[in-house]
Amino acid sequence: MIPKTVKCPKCKHEVTIEGNPGEKIMITCPSCNAKGAFTFPGEKPTDSFSIQVNSLTKTFNGLKAVDNVSFNVRRGKIFGFLGPNGAGKTTTIKAMLGLIHFNSGSIQINGFDIIKNSKAVKSSIGYLPERIAFYDNLTPVQTLNFFCELKGADKSVVKPLIKEVGLEDAIDKKVGNFSKGMLQLLGIAQTMIGNPSVYILDEPTSGLDARWVKIVRDKIKTLNEQGATIMFSSHILSEVQSLCDKVAIIDKGRLVAEDTVPNLNRILNIKPRLEIYISNLNGKIPEIISKIEGIDAVDAKGDVLFVTCDYSVRIKVATALEQAGFQIKDIKTVDPSLEEAFMKLLFKDGGVN
Amino acid sequence: MGPINLKSIYYVSKKEFLDNIRNKWIIVLTTLLFLLVILFSYLAGTGGRLGDTQITVIRLISISSILIPLIAIILGFSTISGEAESGSFSVVLSYPVTRLEVLLGKFLGLGSVIVVSVLIGFGLGGIIITAAAGGESWLGFLIFIGLTILLGLIYLSLSICISAFFKRRITSIGGGLIIFFWGMILGSIFLGILYGSGYNIEALSKGNIPSWYWCETFLSPTDLNQVAVLRGFGVNEINMGPQISVTLPDFLNAGAVLFVHLMWLIIPMILAYFFFKRRDI
Chain C
1 MIPKTVKCPK CKHEVTIEGN PGEKIMITCP SCNAKGAFTF PGEKPTDSFS
51 IQVNSLTKTF NGLKAVDNVS FNVRRGKIFG FLGPNGAGKT TTIKAMLGLI
101 HFNSGSIQIN GFDIIKNSKA VKSSIGYLPE RIAFYDNLTP VQTLNFFCEL
151 KGADKSVVKP LIKEVGLEDA IDKKVGNFSK GMLQLLGIAQ TMIGNPSVYI
201 LDEPTSGLDA RWVKIVRDKI KTLNEQGATI MFSSHILSEV QSLCDKVAII
251 DKGRLVAEDT VPNLNRILNI KPRLEIYISN LNGKIPEIIS KIEGIDAVDA
301 KGDVLFVTCD YSVRIKVATA LEQAGFQIKD IKTVDPSLEE AFMKLLFKDG
351 GVN
Chain L
1 MGPINLKSIY YVSKKEFLDN IRNKWIIVLT TLLFLLVILF SYLAGTGGRL
51 GDTQITVIRL ISISSILIPL IAIILGFSTI SGEAESGSFS VVLSYPVTRL
101 EVLLGKFLGL GSVIVVSVLI GFGLGGIIIT AAAGGESWLG FLIFIGLTIL
151 LGLIYLSLSI CISAFFKRRI TSIGGGLIIF FWGMILGSIF LGILYGSGYN
201 IEALSKGNIP SWYWCETFLS PTDLNQVAVL RGFGVNEINM GPQISVTLPD
251 FLNAGAVLFV HLMWLIIPMI LAYFFFKRRD I
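Which chain is which? The protein sequence lines are C and L, in order. According to this note's numbering, the first sequence is numbered sequentially starting from 1. According to this note's numbering, the second sequence is numbered sequentially starting from 1.
You may find that some hints are simply not true.
Unchecked claim - Restraint-style ranges between C-beta atoms, simulated for each label pair:
{"no.": "1", "chain 1": "L", "residue 1": "Ser211", "chain 2": "C", "residue 2": "Ala120", "range": "47 to 57 Å"}
{"no.": "2", "chain 1": "L", "residue 1": "Leu177", "chain 2": "C", "residue 2": "Pro262", "range": "57 to 67 Å"}
{"no.": "3", "chain 1": "C", "residue 1": "Asn117", "chain 2": "L", "residue 2": "Lys7", "range": "42 to 52 Å"}
{"no.": "4", "chain 1": "C", "residue 1": "Thr39", "chain 2": "L", "residue 2": "Leu6", "range": "54 to 64 Å"}
{"no.": "5", "chain 1": "L", "residue 1": "Lys7", "chain 2": "C", "residue 2": "Lys12", "range": "53 to 63 Å"}
{"no.": "6", "chain 1": "L", "residue 1": "Arg22", "chain 2": "C", "residue 2": "Lys64", "range": "43 to 53 Å"}
{"no.": "7", "chain 1": "C", "residue 1": "Asp218", "chain 2": "L", "residue 2": "Arg22", "range": "50 to 60 Å"}
{"no.": "8", "chain 1": "C", "residue 1": "Arg217", "chain 2": "L", "residue 2": "Arg22", "range": "50 to 60 Å"}
{"no.": "9", "chain 1": "C", "residue 1": "Asn103", "chain 2": "L", "residue 2": "Lys167", "range": "12 to 22 Å"}
{"no.": "10", "chain 1": "L", "residue 1": "Leu6", "chain 2": "C", "residue 2": "Ser31", "range": "51 to 61 Å"}
{"no.": "11", "chain 1": "L", "residue 1": "Lys7", "chain 2": "C", "residue 2": "Cys11", "range": "28 to 38 Å"}
{"no.": "12", "chain 1": "L", "residue 1": "Gly255", "chain 2": "C", "residue 2": "Ser70", "range": "30 to 40 Å"}
{"no.": "13", "chain 1": "C", "residue 1": "Gly176", "chain 2": "L", "residue 2": "Trp182", "range": "25 to 35 Å"}
{"no.": "14", "chain 1": "L", "residue 1": "Leu6", "chain 2": "C", "residue 2": "Ala120", "range": "13 to 23 Å"}
Claimed, not checked - Just a few of them, taken from the derived set where beta-carbon distance is under 7 Å, the chain L residues facing chain C:
{"no.": "15", "residue": "Ser88"}
{"no.": "16", "residue": "Ser94"}
{"no.": "17", "residue": "Tyr95"}
{"no.": "18", "residue": "Glu202"}
Note that these hints are calculated values from the structure, not bench results. By construction, the Cβ of each residue, glycine as well, lies at the ideal position given by its N, Cα and C atoms.
Here chain C stands alone, though its shape is the one from the complex:
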């Protein structure tokens, strides 16, 4: 709550009020009884966040699958949800959709509470589950027609959606004869029914070949450019890194990090890696390297020397190598990846924390 002192425009009497950003407070002047209103500056939390998860806890037979997890996803952003198998990603996502009952906490999507107003929440969501299945005896058109009916959406989108995901050749086949990849594509098509403003995608590229992985990634970008908020979980860290504005990492049911990829690397003190191409190196690490301070790790493969160090040490390394007589052909700086942040957060001494 933000305190604010306002002056009555009529009698100039001062009144102190309290409110949240974006909240409109009706005021009656205690001195002259004049009525007025004051709106606190800033966005309402429900307006700026599409997804708000607060202190979510879910236990299975006394075991905490999700332990006090909180995060927010800003409207129009792509949010990556990462974690090893069994970390609690799917449980969190299922709780967000009301598919599982959680023990405590609250979940709001587009300002609506999933328990109190589940139909309003689900009307604005496109969800792709990790493990997808449809009805064996229905065709893809019948399947998507059914989902259009449930969402109250126009059925004219069905055939274009099937074409968009490349299933037009299977339009008359029964879904029971579909491969895993085809089911995944049909699943992606059903998420787009009714143009939802929030997409929740659990491993969206699993089971797809490389061509379709790229098409799905491009589709995620396009949907986001059109204003949709997207939250997706993935094991493929490069995928998350290339798409996401922000990531959250969950392990053993607890959220261990939530930030942008560069910020995570900065917080975790993950350093960039130099790739130095040296003539006739032949996989040998030059002795001079051991004398330079600020180097975390060194490796050599063929004519490439890999040096992990601070940005400020790069010049020292290059100068020292040249002074020692090494002929440098090229130098590249590889920025720290999400994978490194992920590994640093989850693994310690070769095992999971």
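Guided by the hints, dock chain L onto chain C, whose structure is given.
The following block gives chain L in isolation, referenced to the frame of chain C:
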């Protein structure tokens, strides 16, 4: 719980009907029903002619009380546990539809499959018999069809309840088998208890049967249904063995029998809703 959206129930039921009417087992069992009606009618007739509907139906009861529960259990046993396990419920329940609407839609959709199956199997057979052998008992045959559908819906309600209770499809099969055999063997168990408690054939043939024995009728949907069909044809006696014909007690009247039918239908559905509502998908 918010207001029920009838449109959502209709959409779910339509999908269930479309998906299950093409089930191979249902097609096979429906064809079998039709052939059995003709066969039993042929056996009830003389000189190669089809027999009267009443005799045919009384002989058909025993076979319909096996096949109809079987159709209903095949349709319902995995409708919740199977979909939860396969992942299709994760998609359906992410749409703006409540679990109650899904449950009612499933019951109506799968119930429609049973209605179609009985109408094709018994209805078509009944028309042929009526055309060939006369239709003095056509009203009784219509009541038989109605009660057969009701029996199917009761077993559907029971199997949906089983499906909502068990977590996995494989355990639901076990549950389905239990409810199937419950209806089949309960009568024999009670008859065994009756003989075991000192009642002999002579006493039974004189109609000396304790009232507790007849309670079995209320506990077994198939026996209850058989009594209802007999009442529908105006038959008041049942056979309990060779040359032992026993008059049905007055408390097993049409009203009481119909009421208990409805209880068998409604109570499992209420339980199914509570199991389904509590379930994590």
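Exercise for the section: Classify the hint on Glu202/L as holds or violated, based on whether any CB of chain C lies nearer than 7 Å to its CB. Expected result: With a closest approach of 57 Å, the Glu202/L hint is violated.
Exercise for the section: Given the range 25 to 35 Å, decide if the beta-carbon distance of Gly176/C to Trp182/L lies inside it. Expected result: Holds: the Cβ-Cβ distance is about 32 Å, inside 25 to 35 Å.
Practice task
For the range 42 to 52 Å, tell me whether the beta carbons of Asn117/C and Lys7/L fit it or not.
Solution key: Since Asn117/C and Lys7/L have Cβ atoms about 19 Å apart, the given range 42 to 52 Å is violated.
Problem - 51 to 61 Å as the expected CB spacing between Ser31/C and Leu6/L, which holds or is violated - result: Given about 57 Å between the Cβ atoms, the range holds.
Problem - Interface hint for Ser94/L, Cβ within 7 Å of any Cβ on chain C - result: OK, holds: Ser94/L within 7 Å of chain C, min 4 Å.
Exercise for the section: May I ask you to test the hint 57 to 67 Å on the CB atoms belonging to Leu177/L and Pro262/C? Expected result: Check passed, 60 Å falls within 57 to 67 Å.
Exercise for the section: Check the following: the C-beta atoms of Lys7/L and Lys12/C are separated by a distance inside 53 to 63 Å. Expected result: Holds, since Lys7/L and Lys12/C (Cβ atoms, about 58 Å apart) stay within the stated range.
Handout entry: Verdict for Gly255/L, Ser70/C (Cβ pair) under range 30 to 40 Å
Key = Given range 30 to 40 Å: violated, Cβ gap about 59 Å.
Exercise for the section: Note whether the CB distance of Thr39/C and Leu6/L lies within 54 to 64 Å or breaks it. Expected result: violated, 42 Å
Practice task
Mind checking the hinted window 50 to 60 Å against the Cβ distance between Arg217/C and Arg22/L?
Solution key: violated, 37 Å
Problem - Pairwise beta carbon distance, Asp218/C to Arg22/L, judged against the given window 50 to 60 Å - result: Taking Cβ atoms as reference, Asp218/C and Arg22/L lie about 37 Å apart, which means the hint is violated.
Problem - Supplied contact hint for Ser88/L, tested at 7 Å Cβ to chain C - result: holds, 4 Å
The structure fails to meet hints 3, 4, 7, 8, 11, 12 and 18 from the earlier list, while all remaining hints are met.
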